[in-house]
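Engineer: Single-letter residue listing:
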Amino acid sequence: MSVAVMKTKAETSLDEDFQKLRDRLPGGSGVLAVRNAAHQLFAERGLPHRRIEEWKYTDLRNAMKEALPVSIGDETPVTIADLIVALGPFAHVDAQRVVFVNGNFRKELSSVDAQSGVSVESLADKLEASGDADSGLLGEFGEGAPDDDVIVALNTAYSTDGTVVQVEPGAKIEKPLLLVYMRAGREAAFTAVRNVIEVGAGAEAQIIEAFVSLPGAADAGQANAVTRISVADGAKVAHAKCAADHGGQVTHLGNWAVHLGKEAQYDGFQLTQGVSLARHQIFVTFGGENARLDLSGIFLGRNNDHIDTTLVVDHAVPSCESRELFKGVLDDRARGIFQGKIIVKQIAQKTDGKQMSQALLLSPDAEFDSKPELEIFADDVACGHGATCMELDHDLMFYCRSRGIPEDVARVLLIESFIGEAIEKIEDEAVREAFTASAVSWLAAKK
Amino acid sequence: MAAVESTIEQVKEIDVDKYKYGFETAIESVKAPKGLDEDTIRYISARKNEPAWMLEWRLDAFERWKTMSEPTWARVDYPKIDFQDLYYYSAPKNTDGPKSLDEVDPELLETYNKLGIPLKEQEVLAGVAGAKVAVDAVFDSVSVVTTFKDELKKAGVIFCSISEAIREHPELVQKYLGTVVPKSDNYYASLNSAVFSDGSFVYVPEGVRCPMELSTYFRINERETGQFERTLIIADKGAYVSYLEGCTAPMRDENQLHAAVVELIALDDAEIKYSTVQNWYPGDKDGKGGIYNFVTKRGDCRGANSKISWTQVETGSAITWKYPSCILRGDNSRGEFYSIAVSNGHQQIDSGTKMIHLGKNTSSRIVSKGIAAGFSENTYRGLVSAHRKAANARNFTQCDSLLIGNNCGAHTVPYIEAKTSTAHFEHEATTSKISDDKLFYCMQRGLSEEEAVTLIVNGFVRDVLQQLPMEFMAETQKLIGISLEGSVG
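Protein chains in written order, with our numbering: chain L, 1 to 447; chain U, 1 to 489.
So that you can see chain L by itself, here it is in the shape it has in the complex (with noise of 0.2 Å):
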């Protein structure tokens, strides 16, 4: 059944947008070529909605009835301490900082060390430097991953900064890398960004992305954010994400594209609270063998809050591990989302693939749906998932009461120890650390 679709207001207003703007976004004749095609994908497709499949729990046509307006230039003033106090437990973590404003690079507010072997770059830059050519950054998504994404390509077409970071082989990045993400200002806008991150053979590095807002920013706002990694053989990436922010009109839309070469090793870390609407994609492919996976995220949401989290992780060669660990916690009418496909193509032998998604329901309006797929075509594996909700449970929570805890004291502990077992995952103290605060700052907000 084809029917021929009204574009929704979102879809006709970013449709006018990128041909009011179009020329002003960062980068000469080539990359506006990929930015046309991109846009071109999307004029045709529209935003996705529960009509096709992968996206059944999220209609994001119906979710993302405006689109407000494309931010480009921005130059909300933003000082240290804004910063500071935005970046919250995040400002704890001893790191280089990549600061962005609405979707601008902010040099003073930056602090990268100059070291030989890494190089970090603002995107806008070196779209403006690649001239009439194309310069690659934004026409690939990621290898392995779907180069027709709707959500990817409206990025394409309108990015306006993002963070290069390449890492030449055997090097290693000193302190961790804090790519902060600023919402700011009383404009309401949409916003663009890229990450294309590099790291080559036997090079290690350590990732952090904050997507945060300044208090008194905006209530909404809409950030379309895609980081794409390449991790060389024998590399190791400590790549981790926050999506936080104070719960008005928060839209994330969120895509990873990682690519695992031969004995790489990445460990990727997602948190999202205080977002009303967000969707993070994960599509990890294995180019080489004997690398390892470890990928976990905690989903923390309230009020009306729609945390959807889809990964695809393909197993294309043989031999490698994959582990994915993803816990929610859903308060009031709060619903949560985990679609997790393993794919094991024919000549992955050896493969070793285990996820597991966890709820935890705390309202009776709460929901979660989860949709952990295996698609298994070589014999000699072992690969499972499993998938629970519940809601606290009953007899930990007696015994913390006989132990005199007070009930919101042990609500929020039990809780703490539910999500702490996918924050552990996270190797770095401090990271782990300032992680752990800003889901125990979310859980203490519940009036």
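Please note that the accuracy of each hint is not assured.
Stated by the list, open to error - Simulated crosslink set (BS3-like; lysine-lysine; CA at most 27 Å straight-line):
{"#": "1", "chain 1": "L", "residue 1": "56", "chain 2": "U", "residue 2": "354"}
{"#": "2", "chain 1": "L", "residue 1": "126", "chain 2": "L", "residue 2": "175"}
{"#": "3", "chain 1": "L", "residue 1": "65", "chain 2": "L", "residue 2": "7"}
{"#": "4", "chain 1": "L", "residue 1": "425", "chain 2": "L", "residue 2": "446"}
{"#": "5", "chain 1": "U", "residue 1": "438", "chain 2": "L", "residue 2": "354"}
{"#": "6", "chain 1": "U", "residue 1": "438", "chain 2": "L", "residue 2": "350"}
{"#": "7", "chain 1": "L", "residue 1": "236", "chain 2": "L", "residue 2": "262"}
{"#": "8", "chain 1": "L", "residue 1": "236", "chain 2": "L", "residue 2": "126"}
{"#": "9", "chain 1": "U", "residue 1": "389", "chain 2": "L", "residue 2": "56"}
{"#": "10", "chain 1": "U", "residue 1": "354", "chain 2": "U", "residue 2": "237"}
{"#": "11", "chain 1": "U", "residue 1": "433", "chain 2": "L", "residue 2": "354"}
{"#": "12", "chain 1": "U", "residue 1": "354", "chain 2": "L", "residue 2": "354"}
{"#": "13", "chain 1": "L", "residue 1": "262", "chain 2": "L", "residue 2": "175"}
{"#": "14", "chain 1": "L", "residue 1": "345", "chain 2": "U", "residue 2": "285"}
{"#": "15", "chain 1": "U", "residue 1": "237", "chain 2": "U", "residue 2": "175"}
{"#": "16", "chain 1": "U", "residue 1": "433", "chain 2": "L", "residue 2": "345"}
{"#": "17", "chain 1": "U", "residue 1": "80", "chain 2": "U", "residue 2": "66"}
{"#": "18", "chain 1": "L", "residue 1": "262", "chain 2": "U", "residue 2": "433"}
{"#": "19", "chain 1": "U", "residue 1": "288", "chain 2": "U", "residue 2": "80"}
{"#": "20", "chain 1": "U", "residue 1": "389", "chain 2": "L", "residue 2": "446"}
{"#": "21", "chain 1": "U", "residue 1": "433", "chain 2": "L", "residue 2": "350"}
{"#": "22", "chain 1": "L", "residue 1": "345", "chain 2": "U", "residue 2": "288"}
{"#": "23", "chain 1": "U", "residue 1": "438", "chain 2": "L", "residue 2": "345"}
Claimed, not checked - Only part of the chain U face toward chain L is listed, based on derived beta-carbon distances under 8 Å:
{"#": "24", "residue": "403"}
{"#": "25", "residue": "404"}
{"#": "26", "residue": "406"}
{"#": "27", "residue": "409"}
{"#": "28", "residue": "414"}
{"#": "29", "residue": "415"}
{"#": "30", "residue": "416"}
{"#": "31", "residue": "417"}
{"#": "32", "residue": "419"}
{"#": "33", "residue": "422"}
{"#": "34", "residue": "423"}
{"#": "35", "residue": "424"}
{"#": "36", "residue": "426"}
{"#": "37", "residue": "429"}
{"#": "38", "residue": "430"}
{"#": "39", "residue": "432"}
Note that these hints are calculated values from the structure, not bench results.
Source: prediction; values computed, not measured.
For glycine and all other residues, C-beta sits at the position ideal for the given N, C-alpha and C.
Use these hints to put chain U onto chain L, whose structure you have.
Structural biologist: Frame of chain L, contents of chain U only:
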């Protein structure tokens, strides 16, 4: 590796080249003209002396079917079916209704004997004293013989063909038909509603425990006929019934379409147990031929404390598209689904279940075991959902897949939807081959490799086998082709 190979051998024996039920019986039959239009439906309805309301119901379903399109979401791949190139009705010629077994065409009886279906009472269960199985045998589309009617009548149980029920018990049929699987439910269910030829009807009255296991054997015989069975089982308050369905079909090249609908209704405190062994022709070793099996099976736990349990052993058919489901509407109702799906050759199985929790304190359990070999694709697709008002819904799901060989695929696509915090859902799925460690362990204890594999596979499907009625155990063992010493019983 030898162990794996021997298992492949064993699985191979089930079907493919050695399909042991591949023979045809030369019996003349009466057919409706090829193709599907209103006239075909009128013809079927007239042949069966149906009342006007039934014809209207069929025509309405046909109208709806015409507006629908074939579902494409399942992981099955087959050439497009030309629905105008099929016969929609075929009946053995002498359908005047034999009064006893003696009047039945001897060739037909011979067919059943070859299949090992015990029509006569003394043959019901050789060696099992006291057990009785009533058989409503379906030869292509018309019920030919129904045994044990008298005994069932004494208990007040109505067990007859659906055509007879339409004539004799219209009030029951009108009340329940299409209430679980509506005529516009899905493409194949609508098609079935329009052209269903025959099937079984069971009504167990209030408080009656059906004195025997009821059973129907289906057999597709006539060339190029689609078979559209319609089964309706109603267990009134406090009743219990166990129903067995087993299928075999002759070998042939043309693909055959089968689109059955089964509706189960359990009222307060009632229990229905439905077991299936499906072993239709899966196609030859190149994937040519074989049955297309698009089945809609659904049970409605309509009353409080009711229970519906599905057990299935799927070994045949080129394409299996089948999701026996439970609607847990009554408070404290319970749904169960136990499945063994074995695919080999070029078979494609996309099967699973839906457990829809609507009432309070409902519980469900899903145990699915898939074994994929050869070039087959074996998919589990299931849904567990709890409605906002389904307080204390409980579900436990376990889907395990075993892969034998490197050209097959095993997939798991579960949907888990909890809309209330008191829902307690647990889902777990694994995919693996027979682990070398387990094999080593068994062999170290003195078992031969073959015995070890048998033991492990036996353990793998054991949870489900235990749910099968005794009568099906032997058949299932044969079908799976793997001996099950020790665990039976």
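Engineer: Now tell me if each hint is right for this structure.
Structural biologist: Structure-based check of each hint:
no.	hint	in the structure
1	L:56 - U:354	17 Å, holds
2	L:126 - L:175	23 Å, holds
3	L:65 - L:7	10 Å, holds
4	L:425 - L:446	26 Å, holds
5	U:438 - L:354	20 Å, holds
6	U:438 - L:350	16 Å, holds
7	L:236 - L:262	11 Å, holds
8	L:236 - L:126	25 Å, holds
9	U:389 - L:56	22 Å, holds
10	U:354 - U:237	24 Å, holds
11	U:433 - L:354	15 Å, holds
12	U:354 - L:354	24 Å, holds
13	L:262 - L:175	25 Å, holds
14	L:345 - U:285	24 Å, holds
15	U:237 - U:175	15 Å, holds
16	U:433 - L:345	15 Å, holds
17	U:80 - U:66	16 Å, holds
18	L:262 - U:433	25 Å, holds
19	U:288 - U:80	14 Å, holds
20	U:389 - L:446	25 Å, holds
21	U:433 - L:350	10 Å, holds
22	L:345 - U:288	26 Å, holds
23	U:438 - L:345	25 Å, holds
24	403	4 Å, holds
25	404	7 Å, holds
26	406	5 Å, holds
27	409	5 Å, holds
28	414	6 Å, holds
29	415	5 Å, holds
30	416	4 Å, holds
31	417	5 Å, holds
32	419	5 Å, holds
33	422	6 Å, holds
34	423	6 Å, holds
35	424	5 Å, holds
36	426	5 Å, holds
37	429	5 Å, holds
38	430	4 Å, holds
39	432	5 Å, holds
Violated hints are absent here; each numbered hint is respected by the structure.
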